[in-house]
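Let the hints inform the model, and build the full structure from the sequences given.
Heads up, the sequence shown is in the working numbering, so the first residue is 9 and it goes up one at a time.
In short, the hints are calculated from the structure, not lab data.
Note that the Cβ used here is the ideal one computed from N, Cα and C, for glycine as well.
Honestly, I wouldn't trust all of these hints.
Here are the simulated DMTMM-like cross-link-like pairs (lysine to aspartate or glutamate), alpha carbons at most 20 Å apart as the crow flies [stated by the list, open to error]:
1) K117 / E56
2) K45 / E95
3) K27 / E41
Now the in silico label distances, taken between C-beta atoms and shown as ranges [said to hold, decoys possible]:
4) E71 / D28: 41 to 51 Å
5) E25 / A102: 16 to 26 Å
6) A156 / K27: 24 to 34 Å
7) K169 / K135: 19 to 29 Å
8) K117 / A156: 17 to 27 Å
9) K138 / Q52: 40 to 50 Å
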Amino acid sequence: MKESLAYFNHWLSFYYEKKDLFLKDPFIQEKLELLKKAIEKSRQAFIEKGSFAFCSACANSGEKCCKAGLEWKLSPAEFLINLLLAETYSLPLAFNTSRKEDCLFLGEKGCSLILTPIFCRNFFCDKLVKHLGHANLTYIQQAMEEEATLGFIVANYITTKLLQKEGTKHGA
Numbered sequence: 009m010k011e012s013l014a015y016f017n018h019w020l021s022f023y024y025e026k027k028d029l030f031l032k033d034p035f036i037q038e039k040l041e042l043l044k045k046a047i048e049k050s051r052q053a054f055i056e057k058g059s060f061a062f063c064s065a066c067a068n069s070g071e072k073c074c075k076a077g078l079e080w081k082l083s084p085a086e087f088l089i090n091l092l093l094a095e096t097y098s099l100p101l102a103f104n105t106s107r108k109e110d111c112l113f114l115g116e117k118g119c120s121l122i123l124t125p126i127f128c129r130n131f132f133c134d135k136l137v138k139h140l141g142h143a144n145l146t147y148i149q150q151a152m153e154e155e156a157t158l159g160f161i162v163a164n165y166i167t168t169k170l171l172q173k174e175g176t177k178h179g180a
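Right under this line is the structure:
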């Protein structure tokens, strides 16, 4: 956990140093508005089909899929997007430092990320798949398509235009 906390704190500091680059970039601002709508569409599908409620009940019973180490599935660009979104929504992006067995981003109410990594968005455990059934699972996956595409476009832009421009690679 110490390693991942140091890593994401590095990117948090980077964000605050370069925040104006992100906030003033017209491409990012345009795509961020579209991404917010796409994320809401995905969230509504999860709510409508009962996925969030199912996962919450499972977690409250002691089972958790969001284990320590999963935070490494989040790229620096996706983390920066989350910081932008958190600021847009005036939400805190808190690190889980109290439960070392859990993902760094797993809070009391679930994932603290607004844009979750593609790995997490596409993970449906066997119990959830059985609970949802094929039609509902397909519905959710189709609802997430726009979010995944826009998330990739914005992350790729940030990586190629801002991180590499600043001499920053994918690592810390």
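Hint by hint, work out which the structure violates, then give me just those numbers in ascending order. 7, 9
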